[in-house]
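So the protein lines, in turn, are chains A and B.
Heads up, the first sequence is in numbering that gives the first Met the number 0, so the first residue is 0 and it goes up one at a time.
Heads up, the second sequence is in numbering that gives the first Met the number 0, so the first residue is 0 and it goes up one at a time.
I should point out that these hints are in silico values taken from the structure, not numbers from a laboratory.
Treat the hints with care, since some could be wrong.
[What the hints assert, rightly or not] For lysine to any residue, the following SDA-like pairs were computed, each having C-alpha atoms within a straight-line distance of at most 25 Å:
{"#": "1", "chain 1": "A", "residue 1": "113", "chain 2": "B", "residue 2": "197"}
{"#": "2", "chain 1": "A", "residue 1": "205", "chain 2": "B", "residue 2": "186"}
{"#": "3", "chain 1": "A", "residue 1": "205", "chain 2": "B", "residue 2": "112"}
{"#": "4", "chain 1": "A", "residue 1": "205", "chain 2": "B", "residue 2": "184"}
{"#": "5", "chain 1": "B", "residue 1": "108", "chain 2": "B", "residue 2": "87"}
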Amino acid sequence: MNIHNIITELEKVDPEVGDRLNSRRSAMKQFVSFSGRVALAALPFALGSMFKKAYGQSAPGIAGVLNYALTLEYLEAEYYTKGAASGVVPAGTPAVGAINTIRDHENAHVAFLKTALNSLGATPVAKPTFDFTAGGAFANVFTNYDTFLAVAQAFEDTGVRAYKGRAAELISNNAVLTAALQIHSVEARHASHIRQMRKARGANLKPWITGKDTGGIGAAVQPVYDGEELTTQAGVNITQFVSANAASESFDEPLSANQVLAIVDPFIV
Amino acid sequence: MPYSGKKGNALPGAIDRRKFLSYIGVAGTSAAVIAACSKNDNDNRPPAGSIDLGSGDIGILNYAYALEQLEAAFYTQVIASPFSGITANEQALLTDIRDHEVAHRDFFKAALGAKAIANLQVNFSAVNFGSRDSVLATAKAFEDLGVSAYNGAGQLLMDSNYLLLAGKIVSVEARHAALIRDLISNGTFADNTVIDANGLDLASKPADVLKAAAPFLKSVIFAGNLPAS
């Protein structure tokens, strides 16, 4: 984290930033002493909090992205919490432990993002009311294990694409960006495992996404996978190195906020 | 088992979890803040015979290219000389991973063009390619290392297009890491050796990643000109 450079950047748009922060020296001291007092979880966001004191407001762009992430984490956390309690996961199998692990991570993400938003002086959005049947499209989501895993796969693969799609908006804040990346890769680990769980149930898929294939779930989740078939990156045709399948698998693609919101909208009452 | 505990290391030079935490909490000590604030003057001279990753975003892309070279070379050897008792399922999955790493490696080489570092010489003498345990333990170490490397490097990039590219790759590395871990022991895809109480994966700075990778490289990598923040 390069606070000197951040302040230099701020000076370009706000020549009085030095006065607001009572000189760089004291700003640095304030930052260091403040960082020393807060818990590890809140540490990355100490900087945002310090700037809030100077400006009386948080950076709305970053808070917006974090609230977007929080909404998705609410969705996943409640899904696995309800799923784990419903009995849909076969008792006495390794699946119970796996779903509990994922449930705990999603709930930890909710708590972390709330703490982060509060640290930035922003208000965490309230948890929406969810309908995990998506208006009846997945009516047996908590009674049929295969449906439960299919929706879980869609949520995880969506989560990976959602974080990726908005990481660039966090590039000005190293600490928040890094934390978002650290959540992003956890979602990808979850996606990998859920896909293996579905494979063990007979579905035809891999831990990674081939083309825009839904892994046999079908049209209901196609928007989760549309665009994943890309085989050209930064102007480089990847199929000159490996097969088209491997070329698409080796790079996961982002989704825009609007694309993600359209995917999750049926699950929000 | 490659990990003996939360702070156990699979391989010589593998990253200590405490180092990750100190990295995440880099603002927690004044010394670390001062170190992170030092401007990169691009005047650090690489030792004779070493490979200089360079500076700025190009340096970070070369850093990623170096790691992908290492992974691609490893899985190429894994597929060229499969371990004893490999199943068809394992062979198919590891072949996919090899292809992904080759795609990453060749992508970086093409994208970097004349700015790409040379081909690295690897050293896999510590790996027993005939042994499933040895191969998968090494694969796990490489994949977790790759995830932590990309997670830690994101903040070092200035160009958001490069950040997106790194994001496209890191989630695939995380899918690999989870799969390899489950092959070793089902259900360990995201256990508490890599995910902390906040549900966050590892993130590591280049110096620590390269230290962990060094035993697997004959080439000596110089990262002294990489951005510090």
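**Request:** Verify the proposed pairing of residue 205 of chain A with residue 184 of chain B, using a straight-line Cα cut of 25 Å.
**Result:** holds (18 Å)
**Request:** Verify the proposed pairing of residue 205 of chain A with residue 186 of chain B, using a straight-line Cα cut of 25 Å.
**Result:** At roughly 16 Å apart (the allowed maximum being 25 Å), residue 186 of chain B and residue 205 of chain A satisfy the hint.
**Request:** Would you mind confirming whether the straight-line C-alpha gap from residue 205 of chain A to residue 112 of chain B stays at or under 25 Å?
**Result:** violated (32 Å)
**Asked** For the pair supplied as a hint, residue 108 of chain B and residue 87 of chain B, is the alpha-carbon distance within the 25 Å limit?
**Response** violated (31 Å)
**Prompt:** Within 25 Å, alpha carbon to alpha carbon, are residue 113 of chain A and residue 197 of chain B?
**Reply:** holds (11 Å)
This entry does not satisfy hints 3 and 5, going by the numbered hints stated previously.
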